Structures are given as C-alpha cells and as structure tokens.
Amino acid sequence: MNSSTTILSLLAAGLLVTGVALGVTSPRPAEDDSAPPVLPDSGVLAAARVVSATPFRLQQPAIHAWSAEQLQYDAGLLLVLAVDDSELLVRRQVAEPVLYVGAMPVERINDGRISGHVVALLPSVTRADGGVAAAGSERLAFLGQPALPEQIDARMAAAELARAQAAGLPVSRLGDADVEPLLFPDRGELGAFSATLVAQYAPDEQDLVRGLSVPRLTR
Amino acid sequence: MSQRLLSTILFLAALGTSAAAAELTIDGVSHAYARPGQSIVVSISGMPGAPVILLADVAPGPLQLGNKTLGVGGSAGLALVSLGAMPALGQLDLSVTPDGNPDLADLSIYLTAVVGAGQDMQLSDAILTFVERSVPLAGEPLSAFPFFQYVSAFNMTEALDVAVDPGRYPQVVGQAGDIYVVESKTGAEWNADPSLTDVSGDGVNTVTFGGALLDNIVEVDGGSLSGSAGDGMGHPYDVVVDLNQDGLLDAGDLIDGFSKQAGLYVVHDIVNRGPHVVVETLYSGGSWLNQDLYYPADIAAMTKRPLVIVSHGNGHNYQWYDHIGMHLASYGFIVMSHSNNTGPGIQSASTTTLTNTDYLLGNLHTIAGGALLGKVDQDNIAWIGHSRGGEGVAKAYDRLVDEGYPALHFVPEDIVLISSIAPTDFLGPNQSDPHDKPYHLWVGGADADVTGCASSNIAASFHLLARAEQRRLGISLHGVGHGDFHDGGGSSVASGPCKLGRNDTHAVMRGYLLPLVMHHQRGNIPAEDFLWRQYESFHPLGAPIADPCLVVDLQLREGEADGRFVIEDYQDGAGDVGSSSSGQSVTSSVTALVEGLLDDENSNFTHNASQPFNGMTYCRASDSERGAVFEWDNAPASITWEVAPAARNARIWDELSLRACQATRHPLTTGELADLHFDVTLTDHMGQSATVSIETLGGGVEEPYQRSSCGTGVGWGNEFETISVSLDAFEADGSGFDLGNLASIRLSFGPGAGSLFGRLGLDDLQLVQR
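For the record, the sequence lines run as chains A and B. First residue of the first sequence: 1, per my numbering; consecutive thereafter. First residue of the second sequence: 1001, per my numbering; consecutive thereafter.
Only chain B is shown next, with the shape it has when bound in the complex (with noise of 0.2 angstroms):
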C-alpha cells in the first residue's frame, strides 16, 4: 500500500471524531462467512458525500491510530482502496468476487472502512473468512421445510437427489446448470483436472434453476453407483453444478467436494461380510490368557491395522464372538476375544482384558507364527465388552488411568474406543469410569439378566453411558435379550414381547458395529452418518427390516474434544428452569417441568405422579447426570432458550443435537403408544425465525418398550435417543433467518407442532460440529 496514504489516515485519525457512526458490513454481517470464488457484497453506510477508503489486511488488528482501533493489522500486506465520495443516500455497495482458489479456505481478511475526514471521520471493521469451497448439494428430499436434507452417506440402491438452494445460490435462478456425477477427487486433483465425467446411471442432467428449493430438487442417480470400497466403508464421488455447462469445474461452479472429504459416499451392504478371507485360530499363553483371534488371511501384504479385543460375560465363552471376530476381520481389522475371568467379579475381569491385550502385544512373533508381527496397529485398541466383561474394559481404563496400571505394551492413549455390550454396574462412579474415551453402550430392552428394572444400580447399563466424559455413543434395541448379543447358542435370557432374536439382533450388530470401529479407529466418514442419523431414516442396508419387532434408538452425544456449544445439559446443578447451564433465560409454557438427576426414584416403574423422574436409569444417586422432565396436554406450549453471545455466530457449528425420551407408563405416553413429535425453531437477533419439525426430518422419540414387570403397568426404562438437525436447514429457501446472529432456540409441542401429548425426558441441548 502507499507509506503516505496511510500516513494521511493515520494523521487524520488522530485528529478525533464526533461525526454520525458508519458501518460496514459484508453479505449484511460484520463477520461473513465465504467460500473463495463466492461473490459477496461489501456494504459501507455513513455521511453522504465523504471520502470513502477501505483497508484491508491478512493480519488481524488492533491497530492503534490516535484514540481508535482498528481492526485490520498493520502488516506489510495491509491493502488500502480509496472508494471516491459516499453516494448521496449514504450507502455504498460493492458486489466483489474473491478468487476461487480453494487454498483460501480459512482465511481470514480483515477490513476496515473509513469514511469521512478530519473530525468527521468514522471507522468501522469487518471480517471475511473463507470457507472450503465444498457446499452441500448431495442428499434427500423432505416432504416440508426445509424440503431437503445434505448428508453424506447413501446406501448403495438408493436414488440420489441434489438439491441447488436459490436462497443461498441467487445467481443460479433462471440460469440452466448441467449437474454431473464424478468420481471423487482431491483439491489438487480437481486443479490439475477440471475436466467433469459423469458416472451416474441417469447421466447428465441439465437443469434450468428455479426461484424456490423445491424448483431445484434433481434425482441424479437412480441407486445405481456402486458402493464398491475395498475393505473400506463409502465409495466417493463429489456433484458438480457445472453453471457455465463447459464441462470443466470453473470458479462461478458449485461443487459438494473438493474438500477433505468427498461430496457424497455410497455404501455397500456392511451387514455382510467384507472382501478379507478370516484366519481364526485359538491358542493359550497361560492362565486367563486363552485367545480367539481373528485376521485378515493376506494380511502380509497390508499396513498395520487397528485392534479390537473382545472381553465376554459371565458364564460366556471367549469362542462366542465369530459374529464380531469374523465381521470386523473381514474388513481388515485384527479381532481378538479372550477369556475373562468375570467369576470374582469386575476387578478381575479388568484384570484379564489388561493382561490379555498385553499378552497378544507382547508375543506377536509367536501367535499365528508371527503372521501378525509388524501388522498390528498399537496405538490403536478398542475394548469392547459383554456384561461383566462390558463393566469391566470400562475398568480397566479407569486403572489405567486413575491407578497406573503397569502395562507393558500399551499406554492410555493407545486405547482409542470403549465399547459395551449390557454392562453390569457394580463398582459405581470413580471406578466403572470411561473417562475421556469415546464411549459406546448396547442394550437390549428385553434383556432379562441386566433388566435395566429401576430395583438394581448393578443392573442398570445405561450409567457407565453418562460417566463417559467426551462422546457418547448408545444403541438401545427392543425385544433383545442378555444372550442374544453372543452367538454361543442356548437361551437369549430374554424376557417382554416381540423378542428378536439372536439372527436379527446380529444382523443389527454388523451393521453398527463396523461403523463404529471404521470411524473410531479408521476415521471413515461416511461411517458416522450411522451413528448419528435416525435409524428409521438411514440403516444399514442389510438390517433386518422386514422384522416388525426391531426397534432402534440411537444416541450420539458429542464431547468438549468433538467440538460442541452447550445451550443446555443442566449440569450446573441448580434445578432453576429459568436458567440454563449456559447461563441463559429459559423460559417455558409447558407442564411439570422439572430438572434432576436421571435416577428413578424408586425401585420400579409404576406410574406414580410424585416421581417425575420414573424410568430414569441413567446414574445412581451417587452420579450427576441430569435432565429435564415436562409434559403438554392438548394445549400448546414450548421451551425456549436464550443463545448466550458466545454463540450468536451459529455458523461455525454444524447441527443443533439434543437427546429426548418418553415417560414410561405415564398416561400422556400409553395414550398414545407412538413416536413423538414436535418442532424446532430458531430465531435471529433480528426477529426472524425458521422451523423445523423434527418429523420431517424422519423418526421421532420412540415410545418405550412395551415389557411389563418392574411394578405394575407397561412399558419399560425411558430410551434417549438423539436428534441432530443440520443447522443449515433453517435458512434454507431464503427463509430470512440469519444463522451468523442467533437469538434463541425454541422446542413447540403440542397443537400445531406434532404430537398433540405427551411427556419428554430432555438433555443435552447443544451445537456441535460433525
């Protein structure tokens, strides 16, 4: 820039001001949000007729220039635009299309615009960070608004649909695009080679763009791409909207892609096995240490691969996991399950999944002949449990890091996934602790042996699920029993209606549990959308759905380390429903809101109107996981939710997620034995709002499972399950809802907005990033 014009403005700035304010903002915000190649409109208001000069800069600020500050830094890149004289309505706007370089991403420029001069001069700053350049153009239609959903992850088979938003795209509207199919490349790749070559079945659709979403909804592909990923789990393929239609990627494209990951995954049927031939083999190295292993036969010719050892129940036998060993195998995972000694107790069991997985570590150069030396992936082990043994992987973390257990082979850090199949709860807070692991719990509803029945702590799974610090993952099944989650024969120790089965329930676990161990341990993308989505509106392919009885909830809490804004946990502890945990006004039309621990009061689950935490089995009185209970009844009402200002700027998060279950027995839930619904709306600073009803989005809250016992009536422990709505979904279709200036959240039940009763547990209101 000119040493002397920045001298002049420095000199000028000094002198001092009294003039009118001005304001310069960029798409109507002061911190915008672009991917390069965008165009966006720089806005600077202030006195007419002024001299207007806008500087920018790379390096942020404050810059000090007499008693002001400026925002931009004072680098040597600091640019500077002298803009001629305010226009006589006081408003200057410039459309400016950044390059489309998409090595801009994460960018940051900042601006400030001076206008005026002398006493008269007014500064204001601005910010504009770039974005990938990948914008979300894959996904499903919905039947209401927001009309389409972006996701990742199809399965193979089904129609692919791609959604262009005028709202969000103006200048697509009236313009024809042909929009292409490819074959996923990097960024690199895509600047090596812009050229597009469509592989889908439908081939190249061309498309004139419409003013509204629902103009631009495209099926692209009839479910005939292939899912084809080795040993992996997502084909890639990126969607180009190729808007000059040359046939190349070009700046003024829209591309879902070109990013670190892919703009669409299509997936294979992970229910079945995968391309690895399984080596199984069984040996001893001693006392406890009898083992069951599981490889990949070629795997000689691979890189080290992850660990997932295997840690059974009381009574089990470490040769009932062919289910799980073979599965994860196939996919070119080393499996191995062990004899556990659950019979002491969980002390034990911890102690034969610690020298267990020591033992397979250590005397690699014999086991299988040494076929595993140099292949296994240390620094990365999952433990996974059955019961005892599922309480104890749990302690087994715990003594490694709260007692320093002497490992020889591995270190806290090297464990990477805790899984538990129906975990006992014996030993309670501070010792069955999964600490900071991503934590992950099944549980079957018709589980006969740990009922999960409110008369037992030690039967209740769902506690070691709430001691996990960071992510927590669950999976609740209906009608599966204790034995079910074995394949070793004999009884499913099952007891309620529409039992599964040990088919079915292994079908489900194939399906999940690749997911889990692919994104956990291998970062797979596209095996996320698993375990998050609801399962009614995205399973596994080859989940048993002809089966009426199977039911599935799913729940995904997201940590600190995942990346999260709490809106709501009530973890403060409190129990004032007029504030949140995040320091925030609360205020609420609905019924019997009550906040507290998420422990039944008692040792059933009678419907008793006193005890509004009934079918709450998620700690003991001991723990501190907290939620919230209400109720409507054919009136409507709602909760709404002052956005504390940290997070005002909505757009650095990716969904809103929370976690809801019905009451069980409570007659606001037998009255109507259904999946429930309500709405989700947000509104902006400036009093716009969008609304979302969650069953547009597919699913709802599952009523719970129809088992009786644990006191009188129907309906067994309340089941979580997470709902997570894509935060871009409300400023789809133009709604004029600005995501960059949130204001408050607001859940509406009743009349107007789903379900007309019902009575929800409630927790963990958050934005996350996925």
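For reference, chain A alone in the conformation it holds in the complex (with noise of 0.2 angstroms):
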C-alpha cells in the first residue's frame, strides 16, 4: 500500500465517521407545514388523460376491491393515466379525490404525485374474440370527490360521471380494440407487471417497483 492510498484510506474512514454522526444528529425538521394541499372546497373535479391501455386477462378471476360491487373480473385494461395538477394525487389517510374511467373506480397501483403519472387497473370482461370489452372504447378518466371506494356504488359513481360530464372534461379513448390482451395465471402476476409501467411513467417510486417485483412464493 502507498502513502497516498493510506491518505485515501483514512480520509473514507473519516469520511464514514462523519456519515455515521451526522445520522445520529440529523438536522431538525423544517418548521414548515408538510401537510398534504388543501383539496377545493367544491368537490374534486379534474381530468385524467390516458397515456396508454394494455389490456390484460386472467386466468384466475379477481375481485375489484375498488367498488362497492366488489366485481369479479377476468379481463381489463392496465391503464397509465396523466394528471396535470399531481397535488390532487397526494395520497393521505383520511378520504382522498378518486380516480374514475366512466362510471367505474378505478385501482390506484401508484401514486404519481411527483411524476403526474397514475398506473391504473381498470376491471373489464372478455369479449366473445377474446379481446377485452373496455379496449378501445371512449370513457371520461377523471378525479372525483373524495371518498373511499370500495363504498362507491354503481348509482354514485354514475352521478359523479355526470358531474365530470357536466363539468364538460373531455374523453380519452381507451388504446386499441384490436390489441391482443396480455394474459395473466392471476391478479398476483398482473400486479407484478404493474411494476414495469411504474418504473417507466413513475421512475420516482422505487420502492414500490421494488415491492410489486418480489418472487412469487407459491403458485
């Protein structure tokens, strides 16, 4: 070992220490606020514009926690949703904006905040060809009033469809009909392609991509 690699040596080895006391005494906390944005008084109405759909099946059903219907669902579109004001998509405890494509909650894979990029599960049924019955189709994506989902109901989410179309957002079409469906053995797989979506429109959320990516166990 030559002088100047001890030099080097001693200097990481300070380096390290100062690393490791600096975590012991981490600086306080701003005393600014770092409370979630105040959502509009009015009822949360915003549009989504969907960046692209990539239908999927299932071989195994599952159920859509995202409603009150608790659906079943063995088709649908994987959706990769834009919102241009990404504080709407802060997520918090108590009841947050939903997102709706049509008259349907939505499943929220991520929470885009930063990015403005929601990767969204839209439950949907296999058409008699074998495609998925949403793809293709125009639906309104949107930001409804907050609330917790899986106590939306079909006659809910339809009126707050009618507020998003009387507000007069505009529709997206829903990718191509024609596009032949990934297909899945289970929502657990499903969830971990979610995980490729979200590294590519969320690149932020690591450790959710992380999380999605783990190897499944047991089959």
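The hints are simulated quantities; they were obtained by calculation from the structure and are not laboratory data. Computed from a prediction, not measured in an experiment: that's the story for all the values here.
Distance ranges between label pairs, derived from CB positions:
#: 1; chain 1: A; residue 1: Ile63; chain 2: B; residue 2: Asn1430; range: 21 to 31 angstroms
#: 2; chain 1: B; residue 1: Gly1362; chain 2: A; residue 2: Ala154; range: 28 to 38 angstroms
#: 3; chain 1: B; residue 1: Asn1272; chain 2: A; residue 2: Asp85; range: 41 to 51 angstroms
For every residue, glycine included, the Cβ atom is placed at its ideal position computed from N, Cα and C.
Mind docking these for me? Both chains are given alone in their own frames, and the hints should help you get the complex.
Now the structure itself:
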C-alpha cells in the first residue's frame, strides 16, 4: 500500500465516521408545514388523460375491491393516466379524490404525485373474440370527490360521471380494441407486471417497484 | 382439637347470650394480611375475668352454633386454644409470629374468639390472610411524602435505593442489618440455598435503622448492576435485609423477591438492537400477499416465538417498517409486514391483514425455506397497523368476532394485542372496534393527515382507544408527524412547532414497542413499568432526552379482566356530579364541574366558554365515552369520592389510577403552559388521612401541544395521561392511614395543593392490580 492509498483510506474512514455522526444528529426538520395540500371545497373534478392502455386477461378471476359491488373480473385494462395537477394525487389517510374511468373507480397502483402519472387497473370482461370489452372504448377519466372507493356503488359512480360530463371534461379513448390482451395466471402476476409500467412512468417510486417485483413464492 | 371441648362450646353457645360484645382483631382490623414469618398482634376484648377461647380453622364458616354463626369452618383441622381469663382491663393481646414458610402465601386462617360462657358468652370473628413473603424494598427516593417509590424496573446506570419503612416494620428500629443485592432466586431456590452473595457495586451495606423512613433510605448501588437479559428485558435481582446479619435469608429477614417475580429488574438500553442477527426476506404469495419477513438468524435453535404483523397505511409501503421488524426480531420476535390494500378503504385493508396472517401461518413450510416451520407461536399474535391500516387491524378483529370471518389458521383468541399507529376512524362504533383485546395507540401531535382536529371524526385516532373494552394503552408524542412513524423517507406529513423528526420518533418507538410486545406476548414483568410510569420519571435509557421537543404522554387504563375497582368513570350516563358511577356520593368545590361525552361540541378547538368539552376528541356523538371537566382559579378546591363498601379494604389493590388532561386553549390553561399538579388524599373510616402530591412522583398533567389552526388560538387536542399512585405510599412512614379501611378519595387543587389554577379533564378513577 502506498502513502496516497493510505491517506485516501483514512479520508474514506473519516467520511464514514462523519456520515455516522450526521445520521445520529440529524438536523431538526424544517418548521414549515408538510401537510397534504388542501382540496378544493366544491369537490375535486379534474381530468385525467389516457397515456396508454394495456389489455389483459386473467386465468384466475379477481375481485375489484375499488367499488361497493366488489365485481369479479377476468379481463381489463392497465392504464397509464396523466394528471396535470399532480398535487391532487397526494396520498392521504383521510378520504382522497377517487380516480374514475367512466362510471367505475379504478384501482390505483401507484401515487403519481411527482411524476403526474398513475398506473391504474380498470376491470372489464372478455369479449367473445377473446379481446377485452373496454379496450378501444371512449371514456371520461377524472378525479372525483374524496371518498372510500369500496363505499361507492354504481349509482354514486354514475352521479360522479354525470358531474364530470356536466363540467365538460374531455373523453379519452382507451387504447385499441384489436390489441391482443396479455394473459396472466392471476392478479398477483398482473401486479408484478404493473411494476414495469410504474418504473417507466413514475421512476421516483422505486420502493413500490421493488415491492411489486418480489419473487413469487407459491402459485 | 379436643372434641370434648368443642362439644362444650357448642353447648354453651346454644344457651344464647346477653353480655357486652367481644371483639377480635388482628393488627387492629377484622381481616388482616400478613406475610409468612411476619409478627402480628391478635387482640381480644370482652368482659374482664371471663374465660377466653380462640378457635382457628383453614376452612371458612359459617358454622352454626345454636342461634349463633361462627366464622370458622368445622373442618378436621379446626384448632382450639384456651387462653385463660380475660385481664382486668378487658383486653388480651397476643403477639404471634407465624411460620415463615413461603408456601403459606394466599392461605387464609379463620378465627373466632369465644369470651365468657353461658348467658354471657360472646363470639367475634376475624380472618388472617397470608400474602407473599416479598416486601417492597427497592425503589427511588422522593423529595416529599411518601419519600420513596417502590418500583420493579431500573435502567442500567441508574442508582438503586432501598428503603425500610419503620412504620411497616417497627421491629427494625434501632437494629442493625445488612442489605444485600443478590441474583434473584425462586422460592424453592431460596429454601434450598439461603446464602446471601451481594453483587452490587457498593458491596453489602450495613445500616442501623432509625425510626423514620427518611433515616432508612440507602443507595445500595450506583448504577453498576448488569442489565444483561439475553433477548429478554430486565436482569432479575432480589434485595435482602439480613436483620440478624448471619449472611443467610432467615424467617425474620426482609426480602424483596421470593415470589413469582424478582425484587427488581435492571434493564439495558432497549432502544438499541437485541442480541440476535436478523434475517430479512421479501416474497410474494400472490395478489396483495407480498410480505417482508424478519426473524432471528438462529431461530433453528429456538422454541416457538411470538408473531408480530404490521399492516401499513395508505400510500405507504410494506417495506417501510424496518425500524419495527429489525428491532423486534433482534429480540427474538418474528415480524412480518405485508402489502395492505388500503386504497379502497378500511374493509379492504382489514381483508389483507386477515389474508396475510393466514397466508404466513399456512405456508411456513415454504416461506424462508421452511426456517419458521414449528417456530411460530400461532397462539400469540400481535397486529400493528398504521393509519388506514391502523383502523384496518381493529376492523379485522371486529370481523373475526362479529362476522365470523373464516380464517383458516388462527382464531380470535390467537390475537393477543392490537396496536394502531395514528389510525383513522372511517367506520365508527361497532365496526372499528378492538373489542376485548388489549389495545394500544400511537398518536403524533403534529400529524398533518390524521390530524386530530375536531373538524373530522375520520381523523380522530383516540376514538378507537375509547372503544377498547379491556386494557387501553396510549402514547401521544408532541411534534410527530404522520410520516415519522414509517421509515420510507419523504415528508414527515407534519404541521406544528418543535417537530421531532423521524430519527427521534423511531428511537421512542423502539423504546416503547419492545416493552409493549414483551409484556403482552412474553409476559415480561419489568416491561410493564415502561407502560404505566410517567415518561418524566422513567423512560427507555436511549430515549432522545436531549431533544427539548420530546414530550411523551402515556395512558394505561386497566379493564375488568386485568383486575380493577372503578370509583368513577362517568359511564353511568346520569350526568349527576353528586354521584359516582360506583353509586357513592361525590362532593366538590371545583368550578364548572360537568360530566359528558368526551367529544368536542363543534368542529374546532377555539376556546368557547359555552362548550365545556372543547378539545376532547375521544369519541363520536354515537360513541359512549364519557368523562368530566372542571376548573379552579387561585382558590383551594377539591373533589371527594366516597368509596363503596366493596372497596373498603383497598389492600387487595396495588395502585390508584386516573387519567387527566389539560383543556386546550382555555385561559386557565394558557395562563401558564406547564405541567399541572394536584394532591391526592385518602381517608379511612377512622378519619386518618394521607396525602401524596403527584408532583412528588415526577411528571404531572402535560400542557397541550402548541399547534395552531383548527380554529383560533394555540393548543392542539386534549391529551389524557395516566397518573398512578401506589396505594402503599399512603401508609408510608407510619402515616396512620389504614388502607384496609378506605373511606374516601379526594383530589385537591389550587393554593397549597399544586398548580394555582387550571382546567382539567378527568376520567377513569380506579383501584387497580398491577
């Protein structure tokens, strides 16, 4: 070992020690508030733009927990939705704006607060030709009033859609009807696949990507 | 006994009587408690010159003799002692030293004194119950009466003191004794080997005991005792006062220990990791079955271990609870944090708590290569949930018991503890309900998401605590935001002054989560001290005490199952301030005493004189949690509860416990932002009283966190904290007060009794067993 290497090693050790010390005596957080942004009083109504729509089918049906009806589905679309005012996407424990596609609350896979992109799961059914019924259709994608999706029934969802339509929000096309759907054994594998979309469109959400991509233990 | 003598007594009793009453007492009371080997005085009074006979039996009466009923049973063990004639003064005192055998603990002896014969014969009954030999000796000195507080747990480096109360042990006065701190032994071990080997840093202390408690407080170790406890908490020691100085534990010596628990426990820095290397592994069992598992690397050599399951909050991630998983697993727990479907709502979140618990227990042969197979104590599960997940774990338990949720691998009885971190309350009463389980709650005063502001029932975490039917535990932390409870980085989601930050929050969490699960899942004794002693007087050694922003308010309310007698919990709903929930009279001279729901009357914390429960966020209008509020202002004031006959003998209880909070934004609170103090006085039926100031015990009732918004003014929601006073304290130093004859409990406020002015919320005044 030459002298310069030794000095570098000592410097590195010193830096490590400094790092440990900094970790122990971390600076006090700023006094500034870091509360979730206040939502509009009149109820949120903001459009979401469809960036991509990936049709899928499931060999083993799953339950859509994001509506009161708890519908069973064996096909659907993995959507990438863009929201201009991404502060509306901030996750909160109290009621948060519900993301709808048409008259259906969709499952939010990720946050999207920083990227403005939300990967979302829209349940649908398999067409007679093996395609996904919702693929290629035109729907209104939007953020509605804060609520718990599992408490939203079809009537409430329809009312929210009517509100969005009355507000003149634009309609989006949900991809192409002719695209061959991806086939997954079950919702678990679909969830793992969705991590690739999160990684592509919301690269800041690495913890989520890792969490969705862990090895499948049993099937 | 002699059958002939008994026959004679039976005959004499059958004759009836008209003479003056006789009286039998033991140490002055009709039901005495004594430790094996402890001297007692049996006193019999009656007509001078009359013959005196004492009957004793281990079986209780009643035994009917003619028209008389005796307290002794008629068992084959009935003994009879003829004591001759009653002395001229009409009083016969017998000093008795029963056998020192520790096996006598819990045994009762039923006594009947027979004074006189024929028409003049009088009978009187008494009971002597032996209690465990252990006596309280170890503790910490106090600046005023009761001068000493006996406790179980000590932190390493903390001085250890011993007090021998001459009021309780008059035989020690003027006598020399050697004080030993020894490695703890069981009763059987002491019987087999009574030799004393001191392990304290100061060596054996030889003391000549004085006539006052203050004379007899001795520091016996300066903080050198080891806290080594493997993957447990608390190294056990016993304290012995060797009164005959022979280096052996004899019947006349005093010992703190010699029972189910040691005399004291020295606890290491529990904020630091435990001795086990931890294995962390991530895997998926399918949809919403992604799990992050932590377990000791040497689990193959272990017996079954308790399981802790963590359910995260909305927008959070199951990988964000390393500070819980790594810490608890390093002490031998198995911890699993899982993906939690919080986005749809609480029902969905509860489903994933249930399905992930089931998945883990049902797949132990494949998870982690089967390392946990046969190693999980499946009857011993704790659920911890954060925010929506915190409500989800309560809902999951509710579904188990109310909806019969068909779990495959566990039953409701297997869930032994539910803990929620800043939970929401979307679903309300009868839905988000911990039912009969010990329930624990974390609340951050600076939480900017589940804020605790009166404007939202959903953001009011304390609701769930108030629904727990049995044991309730709460930890409120000033300056802590919603995001501080996980380790995922990013915003603290905090609003308010003096923020604590994630590092210090996690240090506090580690220091309190470990005792929480140690006590409830492994029955650890010293762990409980961390849960009921006020933070100011006792806290984990590694707590970030240098942080001036750190304020910790603890609540511990025992339920019926834990052993308690409720003096006043206001749950009768009558709203009558002159009558307690235990049906006794209440007299008060405080101002504006009102009972009612612990629910802020409107949607903000702005002071409003017409809203007595401003700042209370402990229930919704549809809940039933009640309490009281009152105030005093520079004049002495008090509330006195008459004690029900059923609680007259308070010796069977260990502590007087209550919870109190300062009223936020009220002028009598904002007038002095400081801990609030008052006095507690117990009075017996002979009029003897003893008073303990809660200030003497350390701590007090904390002022509200100084956060603004939620209306005008400064001060966040009212934070109850529990204050417990050892009942023994009131008899300290020969106070003259008789705990076996409790008549009333008084709280005194104002000049001469603590803080000069203030406004308090009050609830759950009860006698408890610890």
